[in-house]
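J.: Here is what each chain is made of, one letter per residue.
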Amino acid sequence: MFSINPFAALSATLSPAVMQAYVVVMFLLVIAGTLFDVVHKGSAKYFFQNMRKSKAKGARPLGGGELVSIAVQTAVVDVLASGEFCNPRRRVAHLLGMYGFVLYVLATVVMVFNPAAGAIWAQLWWLGGLMVCVGGYWFWFFIRVDVAAEGNSPFRVVKADLFILSMLASATLGLVWAATGGGAGVWFGLYILATTILFGSVPWSKFAHMFFKPAAAFEKRVTRADGTAENLPTQTRDDPEQQKRHSMELLQNAPMDMGLGIKREAPRHY
Amino acid sequence: MPTFVYMTRCDGCGHCVDICPSDIMHIDKTYRRAYNIEPNMCWECYSCVKACPQHAIDVRGYADFAPLGHSVRVHRDEQKGTIAWRIKFRNGTEKNFLSPITTKPWGQAIPKLADVPAPSKEMRDSQLLYDEPKSIRLDDGGLHTLQAAGLTLKKGVVY
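Taken in order, these protein sequences are the chains called A and L.
Taking this note's numbering, the leading residue of the first sequence gets 1, the next gets one more, and so forth.
Taking this note's numbering, the leading residue of the second sequence gets 1, the next gets one more, and so forth.
Worth flagging that the hints you see were computed from the coordinates, not collected in a lab.
Be aware that one or more of the hints could be misleading.
To be verified - Non-contacting residues of chain A with respect to chain L, defined by C-beta distances greater than 12 Å in every case (computed): (1) 45; (2) 64; (3) 145; (4) 232.
To be verified - When the alpha-carbon atoms are kept at most 27 Å apart in a straight line, the in silico DSS-like pairs for lysine-lysine are as follows: (5) 29/L x 213/A; (6) 95/L x 55/A; (7) 29/L x 41/A.
Every residue, glycine too, gets a C-beta built ideally from N, C-alpha and C.
Okay, chain A solo, but in the shape it has when bound (with noise of 0.2 Å):
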């Protein structure tokens, strides 16, 4: 089961042409919600400006290596990482989600173009879909401030759960219609329903903080670097300059790690 590309079964039902060009009215589903949504918030304008801005204020200007570098650090730590996460559950829920949900859309492209794919293939889509489910599960039923913190029911639905709930159906259904023998039977039609709404829904959904969020990572690391860093204060104790201050005497036999203060358990008192 897990070794058979479940797309390959279903070409005697359904021309390869037909889902071909069902995963490219996807892909341009995505470009089109995505750049909807950047003219519909100005969320480029705002990024744009906000850089000449901080440029503009930097108390040190930043040469173009500096700027890769930077782009190195935001590509490595925040978005193959997910270091913004600072509840380490969410961070684990979230690499699970992501790498998950890549394995499933690049194994799906793939079987999909070349119904001889290698087996290794089929595999690697069966993983990225549980991935996605024990990532997304995980999240929906016990991570998430509603349930985890606000002590909602995890059925409650708003329309923010768009993304997540598309994303879940989709690969939840996609492997109940592989290991119920695949081929076009309802499963199919359920699981291709929460598809088409999960690419299709982008300019509603969260889907498009995939892009977004790399971007205001940089920024963020841009303005840090640059010294404006949205004016928060940029001093910090391991500066050899700051130790000297009359201030940091008490600390001057403390360890630099203190451990976690507050955030040494889950904000859950309320």
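Assemble chain L onto chain A, guided by the hints.
T.: Then chain L, alone, in the frame of chain A:
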């Protein structure tokens, strides 16, 4: 002036909701981001501003002493045990402060209440507060001094 949340920076972690002494920081049910539900009840204690890991909460200054263009921002770095303030005036003057918030690693010098046995019914019904009279030595006779009580004045911030 009360706190407000930059919604695009907030990730709904709930630290502000947890720490607010006035219980007015809540998570919006639709957008899952924090917001101040009752700004006129805000004490401007800055607890949520300091606790926010994303620096998503800010406080507007009063117009009489903090005119447009000013900025007062804070970074509470618990791992380093410091708090830093950056004050920017409208005329471009900038002041930076860095102060300790603890001198010992977190969780080592404060009593761990979870490890203390729960109070008995008599203790609950009594007028005395937690750890009294032991902690205030009211059970001893004579003049109460630090020395007599076997205590020494500790230097620094002890938490």
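J.: Decide, hint by hint, whether the structure agrees.
T.: Against the structure, the hints:
no. : hint         : in the structure
1   : 45           : 14 Å, holds
2   : 64           : 28 Å, holds
3   : 145          : 5 Å, violated
4   : 232          : 5 Å, violated
5   : 29/L x 213/A : 22 Å, holds
6   : 95/L x 55/A  : 21 Å, holds
7   : 29/L x 41/A  : 22 Å, holds
The structure fails to meet hints 3 and 4 from the earlier list, while all remaining hints are met.
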